[in-house]
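Participant: As a plain string of letters, each chain reads:
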Amino acid sequence: MKNRFVILQPWIGLVARLTLGGVLFAAGYLKVDTPDESQMAVRAYEMLPISLANLLGLILPFVEVVIGALLILGALTRVMAALGGFTMFIFIIAIAQAWARGLNIDCGCFGGGGAVEPGQTKYLQEILRDLGLVFLAAYLIRYPSTKFSLDRNENRKSSQGEVE
Amino acid sequence: MAQAKNSKGGKDNFTRNLVIAVVIGVVLIMLVPTILSKQTNTSAAVPSIVSVEDGYGMVFNKELQDVPFIEIYEDFQCPACARFETIVGEYLEDLINTKKAKVAYHPLSFLGPESQLAANAAGCAADEGQFIQFHKLLYANQPAENSGAWSSSYFTTFSLGLGITSKEYEKCVNNNEYKDWVINVANEGAKRNINSTPTVFINGKEIDRDRAYNSLGEFMLAVSKA
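Same order as they appear, the protein sequences are chains A and B. Mapping the first sequence onto the numbering used here, position 119 (from 1) lands on 127, and the numbers just tick up by one. Mapping the second sequence onto the numbering used here, position 149 (from 1) lands on 1375, and the numbers just tick up by one.
Chain B on its own, in the form it takes in the complex:
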């Protein structure tokens, strides 16, 4: 380096420095929008059942006190989440309907853009009062991760199976209306150190990773102890 001015090497540093500047410049141009897109937008449109103070989760039975508070972090594309749904989904639905628990759903989107679309559509379905049904049907038909199966038109067609025919739902899905909300959910999950999906808390404490995710009996036990 000290001999950079020496012409012995026959190459001049201008080309090299230009290349370095271009590489760093291009990457910075990519980095800035990524950082900006990760900012929480406090004025984001949110589905009507979302509770901002509960990490932007969609909360059922929010008004209930003295019942277990179950929080579920999931990604609609994650196979383990689909498994968890088949094991405890019906029981959770029952807890919600019989008002025996307060339940918050946090749809994360770390697996990719299709998770983002699904989370947005789930919010749209929640506005139609169909979140639980949407949730169940979605997991029952979960395609392979990022296979391109999930698109806006997929979700507008899919909802017909749930009897959702409203124009608002269609508009909500097509315009990706809850895009910023989905980012907020992800940011809150990141702040809460959610490192795998599904992650479930009961009254703020994570359930036993080795047992309660794979067995309805263990899960019910965890709820009853809460």
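So here's chain A without its partners, still in its complex pose:
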């Protein structure tokens, strides 16, 4: 069993990396062109002072593109997985508080965002999706060496290597 996991682990890591990276990259890429909309999406959570929300709305898409691209390429996998997971964790908190406070907003995850009609919210799906991505990030933090990555795979040849 252990041996099989040793063989599979880098492949699972590859899938985790491409999924988390792909989602982050797409989410960021879809928003870099529409800064006004992205700022609106952040403001709609009503968590930050307006000026700070506007700044975050401007920068966040670019940060997502960087984390996503580096995950896809497999560069600095562990650091990027930690950042990506942290981002998703914050999104979960933001969405959960919006839900709890009865706001009617779209998460604005892939563009769009802002207020929506009551009954048009999808908080549960959004949180479940982000939870899944946090799980993938956690896996990559634990096992950062993956197939086809630019990172040097330190634990190659030693099955205990990933314990650091």
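These aren't lab readings, by the way, just hints derived from the structure by calculation. A few of these clues could be false.
[Claimed, not checked] Chain A is nowhere near these chain B residues, computed Cβ spacing over 10 Å in every case:
| no. | residue |
| --- | --- |
| 1 | Asp1238 |
| 2 | Val1253 |
| 3 | Val1278 |
| 4 | Gln1291 |
| 5 | Glu1316 |
| 6 | Thr1324 |
| 7 | Ala1327 |
| 8 | Gly1338 |
| 9 | Tyr1365 |
| 10 | Thr1382 |
| 11 | Tyr1395 |
| 12 | Ala1412 |
| 13 | Lys1417 |
| 14 | Ile1433 |
| 15 | Asp1436 |
| 16 | Met1446 |
[Unchecked claim] SDA-like cross-link-like pairs, simulated, lysine to any residue; straight-line CA separation at most 20 Å:
| no. | chain 1 | residue 1 | chain 2 | residue 2 |
| --- | --- | --- | --- | --- |
| 17 | B | Lys1431 | A | Ile58 |
| 18 | B | Lys1431 | A | Ala123 |
| 19 | B | Lys1417 | A | Leu60 |
| 20 | B | Lys1325 | B | Ala1452 |
| 21 | B | Lys1264 | A | Lys155 |
| 22 | A | Lys155 | A | Ile101 |
| 23 | B | Lys1451 | B | Glu1319 |
| 24 | A | Lys155 | A | Val23 |
| 25 | B | Lys1417 | A | Ala90 |
| 26 | B | Lys1264 | A | Gly119 |
| 27 | B | Lys1264 | A | Thr27 |
| 28 | A | Lys130 | A | Ala90 |
Ideal Cβ placement from N, Cα and C applies to all residues, glycine included.
Given chain A's structure and the hints, the job is docking chain B onto it.
Facilitator: Same frame as chain A, now just chain B:
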């Protein structure tokens, strides 16, 4: 990481570090112009009815005191804005013409470049004294969002239907003369926490989101109470 110098892995970190630098560099090169383009330009050319102190809105009956002040934030591509126009547009026009309200229009452009072009053209039409007519006709013919229907040549042709034939209007649309003004309107809307369109304030207070946007009666009631 601690063993990075060890050659066991057979890969050298140079390639990886180069890739990281390139990715971050490219994104920074994209980010800087985005931030710069979002700066408010206080010396921007603005349509003649714009009131800078009213968030760069186009204000009708600016001189009136003691009447309700209605502020409308909209995006010409937003379907809900088109619906709002069909419900209260005529009533607003009436309020303006009979001088019973001061009305400010803020054309936002968050839905994309075609909203930006439309907002610019609206400013150009305002200079011809045709903003209200432009507004009405535009919503009556609203295409799908970012379908490519709205271009400079669309707006120069469109205006013929309003009897605008002046060279200034054509130049204004083709040169996107109010581009910076449109950015300023967007920035002011962002500062005012406008998170959906349409958003309407009467005397500084937003009207009831559940009712007053969908019913002429409720809207009229909100105006009369102001």
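Participant: State for each hint whether it applies.
Facilitator: We went through each hint and held it up to the structure:
1. Asp1238: Answer for Asp1238/B: violated, closest chain A Cβ roughly 8 Å.
2. Val1253: Not fine: 5 Å to the nearest Cβ puts Val1253/B too close to chain A.
3. Val1278: holds, 20 Å
4. Gln1291: At about 29 Å from chain A, Gln1291/B clears the 10 Å cut-off, so the statement holds.
5. Glu1316: It holds; Glu1316/B is separated from chain A by about 25 Å at its closest Cβ, greater than 10 Å.
6. Thr1324: holds, 32 Å
7. Ala1327: holds, 25 Å
8. Gly1338: Per Cβ check, Gly1338/B is inside 10 Å of chain A; nearest 6 Å; violated.
9. Tyr1365: holds, 20 Å
10. Thr1382: holds, 25 Å
11. Tyr1395: Non-interface label on Tyr1395/B holds, nearest chain A Cβ at 26 Å vs cutoff 10 Å.
12. Ala1412: Violated, since 5 Å does not exceed 10 Å.
13. Lys1417: Violated, because the least Cβ-Cβ distance between Lys1417/B and chain A comes to about 6 Å, which does not exceed 10 Å.
14. Ile1433: Consistent with the label, Ile1433/B stays out of reach of chain A, its closest Cβ about 14 Å off (over 10 Å).
15. Asp1436: Since the minimum Cβ distance to chain A is about 8 Å, Asp1436/B lies within 10 Å and the statement is violated.
16. Met1446: At roughly 23 Å from the nearest Cβ of chain A, Met1446/B sits farther out than 10 Å, so the non-interface label holds.
17. Lys1431/B x Ile58/A: holds, 18 Å
18. Lys1431/B x Ala123/A: Roughly 17 Å between the alpha carbons, so the hint for Lys1431/B and Ala123/A holds.
19. Lys1417/B x Leu60/A: Judged against 20 Å, a Cα distance of about 10 Å means the pair holds.
20. Lys1325/B x Ala1452/B: holds, 15 Å
21. Lys1264/B x Lys155/A: Roughly 41 Å between the alpha carbons, so the hint for Lys1264/B and Lys155/A is violated.
22. Lys155/A x Ile101/A: violated, 32 Å
23. Lys1451/B x Glu1319/B: Between Lys1451/B and Glu1319/B the Cα gap is close to 19 Å, so the pair holds against 20 Å.
24. Lys155/A x Val23/A: The hint holds at about 9 Å.
25. Lys1417/B x Ala90/A: Since the Cα atoms of Lys1417/B and Ala90/A sit roughly 32 Å apart, the hinted pair is violated (cutoff 20 Å).
26. Lys1264/B x Gly119/A: This hinted pair holds, its Cα atoms lying about 18 Å apart.
27. Lys1264/B x Thr27/A: Violated - the C-alpha atoms of Thr27/A and Lys1264/B are around 32 Å apart, more than 20 Å.
28. Lys130/A x Ala90/A: violated, 26 Å
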